[in-house]
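Make a model of the complete structure from these sequences and hints.
The numbering of the sequence shown is this note's numbering, which starts it at 1096 and goes up by one.
In case anyone wonders, no lab produced these hints; they're calculated from the structure.
Note that this is a predicted model, so its numbers are computed, not measured.
Backbone N, C-alpha and C fix where the C-beta goes; we use that ideal spot for every residue, glycine too.
None of the hints are false.
Listed below are the simulated EDC-like cross-link pairs for lysine to aspartate or glutamate, each with C-alpha atoms no more than 16 Å apart in a straight line: (1) 1214 - 1180; (2) 1167 - 1221; (3) 1214 - 1224; (4) 1167 - 1224; (5) 1167 - 1151; (6) 1214 - 1171.
Using C-beta positions, here's what the derived DEER-type ranges look like: (7) 1151 - 1203: 24 to 32 Å; (8) 1189 - 1169: 29 to 37 Å; (9) 1224 - 1144: 13 to 21 Å; (10) 1202 - 1229: 15 to 23 Å; (11) 1225 - 1147: 13 to 21 Å; (12) 1147 - 1210: 15 to 23 Å; (13) 1143 - 1189: 24 to 32 Å.
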Amino acid sequence: MNDLGVRVDTTEEPVAAEPKTAGEIEAPATLPPPTTTPPSTTTLPPGNTLPPGPAERPTGLVAGAFWDALTKVGVDSGIARCAADDLLAGHSEADLLALGIASNPRPPEVNALLDASAKACGVTQDQLDAAAAG
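Encoded structure:
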């Protein structure tokens, strides 16, 4: 009832919302980067290897140096690229540098990362030993 004693209907009919345009839709929330390193693709069943990558040398500092070391000792350029790409699939170049990949001698855990990525792509232990010596 209003002030004059007249009954007033205050219920309103629902109004359908108009669809939003692309400019009105909010971008989805982004998640912060993980604080742990995701597993690399080097966990293959015995006897299986990852396929070779492109024959071109990767452009990054770490990936490029790893590719150079492997191809210098006769590893096929596609297999060397596979190893470099696999290494970076689980670790950024900044993280690898922080772990001491450029140190001489390299920390054993860094050598383990290099070995795992190389072996996942078909690099032999003899080739890894030759690359480490070179």
